[in-house]
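Quick note, the sequences are listed as chains A and B, same order.
Just so we're aligned: the first sequence equals residues 63 to 321 in this note's numbering.
Just so we're aligned: the second sequence equals residues 844 to 1172 in this note's numbering.
Hints are computed from structural coordinates only; laboratory data are not their basis.
The reader is advised that the hints may include incorrect statements.
Computed list of lysine-lysine pairs in DSS-like fashion (alpha-carbon distance at most 30 Å, straight line) [said to hold, decoys possible]: (1) A:Lys-149 to B:Lys-980; (2) A:Lys-230 to A:Lys-149; (3) A:Lys-230 to A:Lys-318; (4) B:Lys-1001 to A:Lys-149; (5) A:Lys-149 to A:Lys-79; (6) B:Lys-901 to A:Lys-149; (7) B:Lys-1097 to B:Lys-1066; (8) B:Lys-901 to B:Lys-967; (9) A:Lys-314 to B:Lys-901; (10) B:Lys-955 to B:Lys-967; (11) A:Lys-314 to A:Lys-230; (12) B:Lys-955 to B:Lys-906; (13) B:Lys-1097 to B:Lys-1069; (14) B:Lys-980 to B:Lys-967; (15) A:Lys-79 to B:Lys-906; (16) B:Lys-955 to B:Lys-980; (17) A:Lys-314 to A:Lys-85; (18) A:Lys-318 to A:Lys-79; (19) A:Lys-230 to B:Lys-1001; (20) B:Lys-980 to A:Lys-79; (21) B:Lys-1121 to A:Lys-79; (22) B:Lys-1066 to B:Lys-1121; (23) A:Lys-318 to B:Lys-1097; (24) B:Lys-980 to A:Lys-314; (25) B:Lys-1001 to A:Lys-318; (26) A:Lys-85 to B:Lys-1069; (27) B:Lys-1097 to A:Lys-230; (28) A:Lys-314 to A:Lys-149; (29) A:Lys-149 to A:Lys-85; (30) A:Lys-149 to B:Lys-906; (31) B:Lys-1001 to B:Lys-967; (32) A:Lys-318 to B:Lys-901; (33) B:Lys-1069 to B:Lys-1121; (34) B:Lys-1097 to B:Lys-1121; (35) B:Lys-906 to B:Lys-967; (36) A:Lys-230 to B:Lys-980; (37) B:Lys-1121 to A:Lys-149.
Note that the coordinates shown come from a computational prediction; the quantities given were computed from them, not determined experimentally.
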Amino acid sequence: MQNQIQEVLALTNRWVKRLSREKFSMLFTLVQPMLFWLIFFGSLFQRAADVNVVQAPNYISFLAAGVVVMTVLNNGLAGGVDLLFDKENGFLERLMATPIRRSSVILSRFLFVMAITAMQILVILGVAFFFDVRPETGILGIAVILCIGMLFGVGLTAISMAMAFSVKSHGDFFSVLGFLSLPMIFLSSALVPLSAMPGWMQALAALNPMTWVIDAVRPLILIGWEAAIPQVMIALGVLVVFDALCLYGGAKAFRKTVG
Amino acid sequence: MATSSVAIEVTGLSKTYDSLTAVQDLSLTVQTGEIFGLLGPNGAGKSTTLRILITTLKPTSGKATIFSHDVEAEADTVRQLIGYVPQERAIDRFLTGREHLLLLGDLYHLPKEEAVRRIQELLKLVDLEDHADRVAKTYSGGMKRKLDIACGLLPNPKVLFLDEPTLGLDVQSRLNVWDYVRRLRDQGMTIVMTTNYLDEADQLCDRIAIIDGGTIRATGSPKELKAGLGGDGVSLTLREGDPGVHEQLTEDIKGLPFVRSIRSRERGLDIRVDAPEKALPALFEATNRIGCHIESIEYHRPRLDDVFIHYTGRSMADASSSSDSESAG
Chain A
63 MQNQIQEVLA LTNRWVKRLS REKFSMLFTL VQPMLFWLIF FGSLFQRAAD VNVVQAPNYI
123 SFLAAGVVVM TVLNNGLAGG VDLLFDKENG FLERLMATPI RRSSVILSRF LFVMAITAMQ
183 ILVILGVAFF FDVRPETGIL GIAVILCIGM LFGVGLTAIS MAMAFSVKSH GDFFSVLGFL
243 SLPMIFLSSA LVPLSAMPGW MQALAALNPM TWVIDAVRPL ILIGWEAAIP QVMIALGVLV
303 VFDALCLYGG AKAFRKTVG
Chain B
844 MATSSVAIEV TGLSKTYDSL TAVQDLSLTV QTGEIFGLLG PNGAGKSTTL RILITTLKPT
904 SGKATIFSHD VEAEADTVRQ LIGYVPQERA IDRFLTGREH LLLLGDLYHL PKEEAVRRIQ
964 ELLKLVDLED HADRVAKTYS GGMKRKLDIA CGLLPNPKVL FLDEPTLGLD VQSRLNVWDY
1024 VRRLRDQGMT IVMTTNYLDE ADQLCDRIAI IDGGTIRATG SPKELKAGLG GDGVSLTLRE
1084 GDPGVHEQLT EDIKGLPFVR SIRSRERGLD IRVDAPEKAL PALFEATNRI GCHIESIEYH
1144 RPRLDDVFIH YTGRSMADAS SSSDSESAG
């Protein structure tokens, strides 16, 4: 147990070092979602969006929950990229030839991606604060948002790692990634509420776990505990199933690659 | 006891990927304290064999043990005994040399002070002290290889595996690597390496296994293998002339008592002969008789390339170029 903790920490430390030395990459990772989505998108649709449809004081406050969950989505889906490069250049093999527990590599990745995601969520909520978006449920609500985000992120990271281990080349990986991420965003309640969608989109969006996650985060920001608690419960139920499926798939792909 | 000196024992090892057989019924024994080379062209099955030995790939069938520990059933024990030096690109460009070693120190659970002390020693050994705190993307090919070797040595392994240790290195770095490897062997370490360089196998390895098409074609010291061929090589290159001359000459010299074998190639013949002092004049006589002109003649003691040709039916260079399109073994 103590050995495994040492392994996971050493490997996580490596991911942190890598990120801190890719200064540009770090900057864009942190800044991109809030700049592009929250500020540009939020301002762009400020007048176009009908406050009666989005049921929020303004579009940016409606969008905040969506941007938080989009960040989780993007970080999660990209979470396997570094392992993909490790697999391709042989570093993974070097690690696997050492007497570490096979799961340590995976755990270090989860730990790292979750930590980065949590920080980004806090940064986004901080920026939203300047646009007068104050979470109605306070600090405790923010903690719940982080928890829900992490739970969603675990499943997504597992999918990403499973893909990293299964694909033949990194070209395939990025194609699938590009194919997945935008439809996931548009077919969810990130940008507009389900009630404003055409029927067929509503049906698809209801199948998207992201919709349920956003619908739990949004009342935590906009309304308050009473409206949020039932939504949070539903989201937790959805995420338990989602994570179980993703982790099962991920474990299978991992075992196939490294035994 | 003979068994006490066996480091690695491989019996009937096979590895099949979907439709491709990478390794087929391969058996070999490596003795403690020797430099053992797996020599073969790309795609021959060297790397597959190496990966099974370092426990990162499971064999389809067969068995391999390192100091009597099974690489599958006792993978964890085996991993404690081995060090691995992969090909150069398996380096994290964003970490410094020292950070690579510190990471591995944690993964091998070396006590902190011991790790720090050992890392300093190893950096000194491979002459990287001055560059230890620069990120690896600033390293030259030779420096990366030195770091690789230091990483492989950090756990103080009983067996060190090197995958194409001098691929793409300049001459000086190459000689340095050879020098380290010899020094380690002299300290009692067992070394297993893959190579597709004939001269490397010849000069560095104590024993080699010639591997082609996933099976071992011959095993022995380079000296034994060359001596086993018997006879010296004579390469005749003929001037462009009658197309029939080639066949005629082959026919004429085939029966000569000191000619062991004849292999035809474009514009010439490779002839293996006993007693060169008799063979050479006789060969000249034969060419004169049928009136063909020799452009050049080359006489040499047996080379490892001849051994490779003898056991696989093709030269190392041909084998490498024809297997480039196949999957890397």
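Cross-check of the supplied hints:
Between A:Lys-149 and B:Lys-980 the alpha-carbon distance is near 18 Å, which keeps this suggested pair within the 30 Å criterion. For the hint pairing A:Lys-230 with A:Lys-149, the CA-to-CA distance comes to about 11 Å; that is within 30 Å, so the pair holds. A threshold of 30 Å between alpha carbons decides the hint, and for A:Lys-230 with A:Lys-318 the separation of about 13 Å falls inside it, so the pair holds. With a C-alpha separation of about 26 Å, the suggested pair B:Lys-1001 and A:Lys-149 falls inside the 30 Å cut-off, and the hint holds.
At roughly 19 Å between alpha-carbon atoms, A:Lys-149 and A:Lys-79 fall within 30 Å of each other, so this suggested pair holds. Only pairs whose Cα atoms come within 30 Å are accepted, and B:Lys-901 paired with A:Lys-149 is accepted, the gap being roughly 17 Å. In summary, the hint linking B:Lys-1097 to B:Lys-1066 is supported, as the alpha carbons are separated by about 28 Å, within the 30 Å threshold. A distance of roughly 36 Å separates the Cα atoms of B:Lys-901 and B:Lys-967; the hinted pair therefore is violated under the 30 Å criterion.
For the hint pairing A:Lys-314 with B:Lys-901, the CA-to-CA distance comes to about 16 Å; that is within 30 Å, so the pair holds. Of the pairs offered as hints, the one joining B:Lys-955 and B:Lys-967 holds, with about 19 Å between alpha carbons and a cut-off of 30 Å not exceeded. A C-alpha spacing of about 16 Å is found between A:Lys-314 and A:Lys-230, which places the hinted pair at or below 30 Å, so the restraint holds. Between B:Lys-955 and B:Lys-906 the CA atoms are separated by roughly 36 Å; this puts the pair beyond 30 Å, and the hint is violated.
Pair hint B:Lys-1097 plus B:Lys-1069 holds up; C-alpha atoms about 23 Å apart against a cutoff of 30 Å. A threshold of 30 Å between alpha carbons decides the hint, and for B:Lys-980 with B:Lys-967 the separation of about 20 Å falls inside it, so the pair holds. Distance check on the hinted pair: A:Lys-79 and B:Lys-906 sit about 40 Å apart at the alpha-carbon level, beyond 30 Å; violated. Among the hinted pairs, B:Lys-955 with B:Lys-980 is consistent with the structure: their alpha-carbon atoms are about 26 Å apart, no more than 30 Å.
With a CA separation close to 34 Å, the supplied pair A:Lys-314 and A:Lys-85 exceeds the 30 Å bound. Restraint check: the Cα-Cα separation between A:Lys-318 and A:Lys-79 comes to about 29 Å, which is no more than 30 Å; the hinted pair holds. Between A:Lys-230 and B:Lys-1001 the CA atoms are separated by roughly 34 Å; this puts the pair beyond 30 Å, and the hint is violated. Straight-line distance between C-alpha atoms of B:Lys-980 and A:Lys-79 comes to about 14 Å, which keeps the hinted pair within the 30 Å bound.
Only pairs whose Cα atoms come within 30 Å are accepted, and B:Lys-1121 paired with A:Lys-79 is rejected, the gap being roughly 71 Å. For the hint pairing B:Lys-1066 with B:Lys-1121, the CA-to-CA distance comes to about 25 Å; that is within 30 Å, so the pair holds. For the given pair, A:Lys-318 sits about 56 Å from B:Lys-1097 by alpha-carbon distance, which is inconsistent with the 30 Å threshold. For the proposed pair B:Lys-980 and A:Lys-314, the alpha carbon gap of about 34 Å is over 30 Å, so the pair is violated.
About 29 Å separates the Cα atoms of B:Lys-1001 and A:Lys-318, which keeps this hinted pair within 30 Å; it holds. Taken as a hint, the A:Lys-85 and B:Lys-1069 pair is broken in the structure, with Cα atoms around 56 Å apart against an allowance of 30 Å. At roughly 52 Å between alpha-carbon atoms, B:Lys-1097 and A:Lys-230 are farther apart than 30 Å, so this suggested pair is violated. Using a Cα cut-off of 30 Å, the hinted pair A:Lys-314 and A:Lys-149 holds, with the two alpha carbons roughly 16 Å apart.
At roughly 23 Å between alpha-carbon atoms, A:Lys-149 and A:Lys-85 fall within 30 Å of each other, so this suggested pair holds. For the suggested pair A:Lys-149 and B:Lys-906, the alpha carbons sit about 26 Å apart, so the restraint of at most 30 Å is met. Straight-line distance between C-alpha atoms of B:Lys-1001 and B:Lys-967 comes to about 21 Å, which keeps the hinted pair within the 30 Å bound. A threshold of 30 Å between alpha carbons decides the hint, and for A:Lys-318 with B:Lys-901 the separation of about 10 Å falls inside it, so the pair holds.
Simply put, B:Lys-1069 and B:Lys-1121 have alpha-carbon atoms about 21 Å apart, close enough for the 30 Å limit, and the pair holds. A hinted pair counts as satisfied when its Cα atoms are at most 30 Å apart, and B:Lys-1097 with B:Lys-1121 qualifies at roughly 15 Å. Taken as a hint, the B:Lys-906 and B:Lys-967 pair is broken in the structure, with Cα atoms around 38 Å apart against an allowance of 30 Å. At most 30 Å may separate the alpha-carbon atoms for a hinted pair to count; A:Lys-230 and B:Lys-980 meet this at roughly 26 Å.
Only pairs whose Cα atoms come within 30 Å are accepted, and B:Lys-1121 paired with A:Lys-149 is rejected, the gap being roughly 59 Å.
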